[in-house]
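2 protein chains.
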Amino acid sequence: MGENNLSFLDKVLNIVKDERSEDKPLIEFKHPKELERILDLDISEGVTDQELEECVRQVLKYSVKTNKAVFRNQLYSDTDPYGLSGAWIAEAFNTSQYTFEVAPAFTLIELKVLSHVLKLFSIPDGDGIFSPGGSMSMLYALVAARFKAFPEVKSKGMRNLPEMVIFTSEDSHYSIKKAAHWLGFGTENVKIVTTNEKGQMITEELDKAIENAKIKGQYPIMVNATAGTTVLGAIDPLNYIADVCEKHNVWMHVDACWGGSLMLSSKYRNRLLGIERAYSISWNPHKMAGAPLQCSLFLVRKKGLLHEANSASAQYLFQQDKFYDVSYDTGDKSIQCGRKIDAFKLWMIWKARGDLGLSQLLDNVMSIAQFCQQAIAKRPGFRLVVDSLQCPNVCFWYIPRFMRNQDEDDTWWDIMHKITPKIKELLTLGSLLMVAYSPLRHHKNFFRLAFSFHPKIDEKQVLGMIEAIEKCGEEITLDMLQ
Amino acid sequence: MGENNLSFLDKVLNIVKDERSEDKPLIEFKHPKELERILDLDISEGVTDQELEECVRQVLKYSVKTNKAVFRNQLYSDTDPYGLSGAWIAEAFNTSQYTFEVAPAFTLIELKVLSHVLKLFSIPDGDGIFSPGGSMSMLYALVAARFKAFPEVKSKGMRNLPEMVIFTSEDSHYSIKKAAHWLGFGTENVKIVTTNEKGQMITEELDKAIENAKIKGQYPIMVNATAGTTVLGAIDPLNYIADVCEKHNVWMHVDACWGGSLMLSSKYRNRLLGIERAYSISWNPHKMAGAPLQCSLFLVRKKGLLHEANSASAQYLFQQDKFYDVSYDTGDKSIQCGRKIDAFKLWMIWKARGDLGLSQLLDNVMSIAQFCQQAIAKRPGFRLVVDSLQCPNVCFWYIPRFMRNQDEDDTWWDIMHKITPKIKELLTLGSLLMVAYSPLRHHKNFFRLAFSFHPKIDEKQVLGMIEAIEKCGEEITLDMLQ
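Chains as they are written, first to last, in full-length UniProt numbering: chain A, 1 to 482; chain B, 1 to 482.
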């Protein structure tokens, strides 16, 4: 055991700075078995502080530097330094957020952030909670919708309720399927609505699907609209969906985990018009807005519903004979018992930057994505999957020279389907760029370059990413694809 | 917006050190409305770094110092400094744990920690996952049990399945009720089994309850045994419960969120004998073992079940045409998509201290609790709720002098019921001690002094806590209880 163990924390800032410094590569990729051999991960014996530092530095050496501009593999990237500061303070204060007595200031901070966000989303009288990620928020949404329709579900369960069906677009996030399993709806009761070429739910199809379900005697429990699909970044036509939901009296949830950050921008928030008609909304500031993982909000229009649906009134924690106003004990709204003070990270970012600062930050994100989209549109060998840019997702294929000017038949596309992952492999092994790829509907594997908060990203770096893809693409031969 | 915003992180260590220093009081309690007036929480405008620092320091001034020995309000307290170091690094590296490519070293760390823990719990061939808290682990357990019995639930939902019932003791944690609601069982299908005076489930009652359910045509889906109840710290008779579960072929889950840390101690782990017969186990190292919030494991005996039950095979994330061994993409076992690398905090603690260091640490926790229990047992005016100590929970009343030597009739107990919260109020307002209180079954409000990882706690401090309770208890008059 390290003897001066209280001092290890003093080393952390330096370790982090060293291992995330500019000169470190994005990734030193090793295959799993090889990395297992390299790293000293055994925990049986205990080591000195110096040995621990060496092990940790080794772990970080082989970890992905998500702070680099060339980390574009996911829908998050670098963190806002104010957010990271908030995260560090939150960890140090090790506060669980259930009662006012143990989290007095942090409870007020969560309430303040929620109230500010609810106003921003134009549901000022609503309620909300921070949850550990967008998938959890999806569970919250379905639970809220179900409880609103059938409050007896809380005590009686699902067995005697009508068969409920959930509607979502084919481009929406998979968390709705996991939620449908967990909550007892079953994945078959998630009804998939087709999208247009841009990835937006086709409202007429939704309307038809709900009609069909009703004819079958099924109960339409929720429509999940997406504001920012995972791959294309499509924003469903929220106002039209709201019309359909109103017509059929169905709970409208908007999964704005990705696109919700556009609400911060005075220039782009009108892209989410109609979101204010939703019954519930999820938004992950840890994606586009640079809050450290995890920072995810679930918002609900109807005040009191979260508490009514989720409370268990545990006597040991939510005592009603406390000496202060226990309406500030907000933890019983949550499915969690212990809960991190994720609101504090977001509060730090917002407090430092203000509404205006955040608006500019999101404008920058969109502006760099637009630059990237335009650069790709006009560059030989690149082909966009969708012309328009809704969220900052730029989706495209790179067609190596040997593949150009050919019949684009099934065989050709089968080869393209292999080329994209191969380019990704070369990019990763060369530590040039980490970028996502995916098939989607009839589309074969293509790249998704998504942009989110990054203080240092500029047009030159974006061109560098494009050139890296081009360079690796031209290294590929047919032989390599076997 | 702060101009030198990248440097704010440099200030954090000092802010944290200052605001958690020895001379700071445990709590400067303000009522919610008053605290709202004191704190400058508005986030509309943006502030300079200097202003931000002032606001943050103000927030921390009115936050509870969970690092102090006198913070005994919950089942967690100070954090292990290695764990906190791990948490800071994890936040800085901002890694999400779903695929090997974005979390190569951290994926191996999670696998290593899981494998070590599975061995420790004597289910070496099992599987596991880190989840955001014990309540989430309870959801995992019920989902696993249900999927094992009725795999069709994933696609078809709950409607056509038999009526399922869940068994748990009356002293168990409320998360099982929340889980029963969310997952569609309904809280009425949580069958409460009575406990003995020590708070342990009475096995014969469990057997009877299962028999009764079967007679009614209900399907017993899971027995939730508790190793370390929230209030008394009772450990259910695990081997006997395992016998009953085997007899009836029911999934046995052990909620060892609190008591599971005793497995770290070579001296005390035999208290959990029988846990190796469980089908699933939850354990929160963020409680007794000092990992920062949140650090919670869900373990399952049957390998492959987590993946089979929870996977959705999202094409954009878990592509099967990657260039490395995708069996290391472990994220599809999870209900979450993005997921923090909580394993790293625990790995840091374990790597630094080793099995032996952790064993000693837990021995210290138990030893200080035993000292407290004995000191309270022999001190006039104090009365233990339970004589024996199973987990480090010391539960007791303080009977002020004016209440002693009287008939302990209902009226007397009604007064005691008010005295406990009043003492707590005085302790809190005086910043002397934060301690939990609770009613339980027929017991009126009593105190729970629970001990967990704290590097500095000693017998003198424990006596100080007892004296503080005594002092505040003697300040109370009947008039104050109106």
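For the record, the hints were derived by calculation from the structure and aren't laboratory data.
No residue lacks a Cβ here, since even glycine has one placed at the ideal position from N, Cα and C.
Among the hints, erroneous ones may be present.
Calculated cross-link-like contacts (lysine-lysine; reagent style DSS-like; alpha-carbon spacing at most 27 angstroms) [stated by the list, open to error]:
#1 33/B to 112/A
#2 471/A to 61/A
#3 198/B to 322/B
#4 302/B to 322/A
#5 156/A to 148/B
#6 30/B to 303/A
#7 11/B to 156/B
#8 11/B to 456/B
#9 418/A to 444/A
#10 112/A to 267/B
#11 214/B to 156/A
#12 302/B to 148/B
#13 61/A to 422/B
#14 33/A to 112/B
#15 471/A to 444/A
#16 322/B to 378/B
#17 214/B to 322/A
#18 216/B to 156/B
#19 216/B to 322/A
#20 216/B to 156/A
#21 17/A to 214/B
#22 471/A to 322/B
#23 33/B to 30/A
#24 322/A to 148/B
#25 422/B to 378/B
#26 302/B to 33/A
Distance ranges between label pairs, derived from CB positions [claimed, not checked]:
#27 155/B to 405/A: 44 to 50 angstroms
#28 249/B to 243/A: 47 to 53 angstroms
#29 374/A to 10/B: 46 to 52 angstroms
Covered stretches of chain B (chain A as the covering partner; in silico rule of three or more C-beta atoms under 8 angstroms from a C-beta of chain A) [claimed, not checked]:
#30 82-92
#31 101-109
#32 122-135
#33 212-223
#34 331-337
#35 348-355
#36 399-410
Outcome of the hint check:
no.	hint	in the structure
1	33/B to 112/A	holds (13 angstroms)
2	471/A to 61/A	holds (26 angstroms)
3	198/B to 322/B	violated (55 angstroms)
4	302/B to 322/A	violated (44 angstroms)
5	156/A to 148/B	holds (22 angstroms)
6	30/B to 303/A	holds (26 angstroms)
7	11/B to 156/B	violated (54 angstroms)
8	11/B to 456/B	holds (26 angstroms)
9	418/A to 444/A	holds (9 angstroms)
10	112/A to 267/B	violated (47 angstroms)
11	214/B to 156/A	holds (18 angstroms)
12	302/B to 148/B	holds (10 angstroms)
13	61/A to 422/B	violated (54 angstroms)
14	33/A to 112/B	holds (13 angstroms)
15	471/A to 444/A	holds (21 angstroms)
16	322/B to 378/B	violated (66 angstroms)
17	214/B to 322/A	violated (42 angstroms)
18	216/B to 156/B	holds (24 angstroms)
19	216/B to 322/A	violated (42 angstroms)
20	216/B to 156/A	holds (16 angstroms)
21	17/A to 214/B	violated (61 angstroms)
22	471/A to 322/B	holds (20 angstroms)
23	33/B to 30/A	violated (55 angstroms)
24	322/A to 148/B	violated (43 angstroms)
25	422/B to 378/B	holds (23 angstroms)
26	302/B to 33/A	holds (24 angstroms)
27	155/B to 405/A: 44 to 50 angstroms	holds (46 angstroms)
28	249/B to 243/A: 47 to 53 angstroms	holds (52 angstroms)
29	374/A to 10/B: 46 to 52 angstroms	violated (38 angstroms)
30	82-92	holds (count 8)
31	101-109	holds (count 9)
32	122-135	holds (count 4)
33	212-223	violated (count 0)
34	331-337	holds (count 3)
35	348-355	holds (count 7)
36	399-410	violated (count 0)
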